[in-house]
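Keeping their order, the protein sequence lines are chains A and B.
Using my numbering, read the first sequence as starting at 1 and increasing by one per residue.
Using my numbering, read the second sequence as starting at 1 and increasing by one per residue.
Quick caveat, the hints were computed from the structure, so don't treat them as lab data.
Distance condition first, Cα-Cα at most 30 Å in a straight line; then the derived DSS-like pairs of lysine-lysine:
1. Lys19/A to Lys60/A
2. Lys127/A to Lys384/B
3. Lys80/A to Lys5/B
4. Lys64/A to Lys395/B
5. Lys5/B to Lys121/A
6. Lys5/B to Lys99/A
7. Lys102/A to Lys207/B
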Amino acid sequence: MLLQLERVNKYYGSFHAVKDLSFSLDEGKVYGILGRNGAGKTTTLRMIMEIYYPEQGEIKRFFKNNEVSYLPEERGLYPKMTVAETIDFFGQVKGMNKKEIKAGTDEWLDHFDLGEWKEKKVEALSKGMQQKVQFIITAMNTPRFLILDEPFSGLDPLNIQLFKDEIVRLMRRGTTVLFSTHIMEHAENICNHVIIIDKGTKVVDGEMSRIKEEYGKMNIFIRYSGDGRFLRNGMEESVDDYGTYAEVVLKKREDYPGYLRSVAEKLDISEFRVDLPSLKSIFLEAVGAKGDENEK
Amino acid sequence: MVKSKSFILGTILTPLLIILFFGIIYVTQKKNMEKVREYHYIDETAQVIPLLESRLPATMKMIPWNGSKEEAITALRQKEIKNLLFFPGDLFDEYSFEYYSETISDSQRISLIENVISRIIQVRKFSDRGLSEEEINALLASAKARTFEVTKEEGAKKKSAEVSFAIAYLLVFLIYMSVLSWAPQMLRSTIEDKSNRVAEVLVSHVKPSGIMAGKLSGTAAAGVFQYLIWAVMAFLGIVLLKQAVPGAQIAIKALLGSLHPSLFIFFILYFLMGFLVFALIFGIIGAMFSNMQDAQNAMTPAILVCVLPMIFLMGVSQDPSSSFSVGISLVPFLSSIMLMRIGISEVPASQIALSMGLLLVTIAIEIWLAGRIYRIGLLSYGKKPTWKELVSWVKNG
Chain A
1 MLLQLERVNK YYGSFHAVKD LSFSLDEGKV YGILGRNGAG KTTTLRMIME
51 IYYPEQGEIK RFFKNNEVSY LPEERGLYPK MTVAETIDFF GQVKGMNKKE
101 IKAGTDEWLD HFDLGEWKEK KVEALSKGMQ QKVQFIITAM NTPRFLILDE
151 PFSGLDPLNI QLFKDEIVRL MRRGTTVLFS THIMEHAENI CNHVIIIDKG
201 TKVVDGEMSR IKEEYGKMNI FIRYSGDGRF LRNGMEESVD DYGTYAEVVL
251 KKREDYPGYL RSVAEKLDIS EFRVDLPSLK SIFLEAVGAK GDENEK
Chain B
1 MVKSKSFILG TILTPLLIIL FFGIIYVTQK KNMEKVREYH YIDETAQVIP
51 LLESRLPATM KMIPWNGSKE EAITALRQKE IKNLLFFPGD LFDEYSFEYY
101 SETISDSQRI SLIENVISRI IQVRKFSDRG LSEEEINALL ASAKARTFEV
151 TKEEGAKKKS AEVSFAIAYL LVFLIYMSVL SWAPQMLRST IEDKSNRVAE
201 VLVSHVKPSG IMAGKLSGTA AAGVFQYLIW AVMAFLGIVL LKQAVPGAQI
251 AIKALLGSLH PSLFIFFILY FLMGFLVFAL IFGIIGAMFS NMQDAQNAMT
301 PAILVCVLPM IFLMGVSQDP SSSFSVGISL VPFLSSIMLM RIGISEVPAS
351 QIALSMGLLL VTIAIEIWLA GRIYRIGLLS YGKKPTWKEL VSWVKNG
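This is chain A alone, in the form it adopts within the complex (with noise of 0.2 Å):
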């Protein structure tokens, strides 16, 4: 185990951003800790930062100081400061020696196309190729644990792929990484566990999998000719038919072998897809689920 929280609480005043928080961590996987802006996330990190310290509860850190790297949503770089300078400063800060920092410079910057860049300003670099910078400074000691905050906030799509796919490069190297995201997509396809923050309280907890299957319905995509009333027969729970497919959504997940058999004999089926939930629907579902428990 890399990380425990027991009862976290945290208040700012009067204000309780974080809510009897538990969760734990271990090695070697890819956490996302999803929630709406406000949420409690990055007061979360922080806490685990040692940046803030709980008012109540505990947290348990398996791990040194030198082993974690952080990344803040607030993060920035010195303008006049050039590349290679500011990867020297920020390697000294972290506690890594010259030599290591040279020999990891270079690799670093050909990795995300920087190369010729090293000896520029930061204040020369478009904001994509600042923050691959202020990836590098993050990631180049190749830490045991690593918290991104909102790493993918104003990076265009294939910067976000590249992040990714950077993440998962780092995963597959040993490192632990938790990184957090008000957006759901983000972390679909590159998240082995999830926890998702409402209001400061936690409202879902679980590797990707077994929430899919626990939360959400399913959406099964048709594409079809004929008569589009067939579609409806009952087991359904939506049908957004567009006239050559349809998106529907089935009352019961075990129900689809049977609705497809149903469907297959009235309609000339071209391609049938069952989707399975998006974190987004899973997102709203929990929400929702729990906005109501609290009401009561």
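Got chain A sorted already, so can you dock chain B onto it with the hints?
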């Protein structure tokens, strides 16, 4: 910072520019004094001018005006002449003469003429009473003080009052200038970390108190480094001056004779402690605000306090042992006044110890306060904190 072009240029150019500045003033004044000025005169006494001319420098040329005073004034208005001296017939009784000019701001020359005329009248009065020239010179001789500093260890030691004051003033001025130059750097670099959003990255790896300590020691080291360079430049300058200017040896000997090694030790101590006192204050202000514009207003009181010693210096130098001088020299924010007192008088060891003790206590309190405010302020962006919020930062930091 020390590798930046601005630091290197500033360190090397500043003393050169200061020398150039004072050099220009000196040369301009010298040229001004060497310029020949014509003074037209009307001497109704018919006695003053020969005596006056023999006592004035050759650059002040006396030319008789052969018309009336009104005609002379008209000529002045028409810029035919530049200066007119009118010595009335009752000069030796009334001690009063008139000076007309297109500009009357040349106080140095006017003062010179006044002194010479005063002397002429005095000699005349004594002469009328039958005194000989030797007797008159003896009566009118000026007193000169030979100054000695008396200390417990050395007894009476001949020392130049002017040189002692100048050195002490210079050292206090250096502290004042250094603190004003370097202490605000703490504020600037803290706000830079906040405005560039680097603060949280740093805080995730280094405690806020560590960041603050790093900034303090780095800034102090840069300041000391700059002084070392200036000290080397001053030493080289003295060596060159001794060789290039024949009379400089005597002046340098007088200067060095007034210096005591302990003065430099005290200078370093008071410089470092004075810097810390103000640097911590500026660091706190920097942690409170997110941009320089907001911080400017809060900086003003701190800068005013920093300037106060310069205002009190003259009064302290006239009576360094007075209760007032002792009292304000013990105030930690005005500690450079203690250095002035050490430079010009013998200050009891107990007072020096008390001054340093109070400084250390102040620094300790400021470190505690700064640590708390820095911890929270470094990650606070946007609106300025209220006093209530500041108090809660100190309580919860």
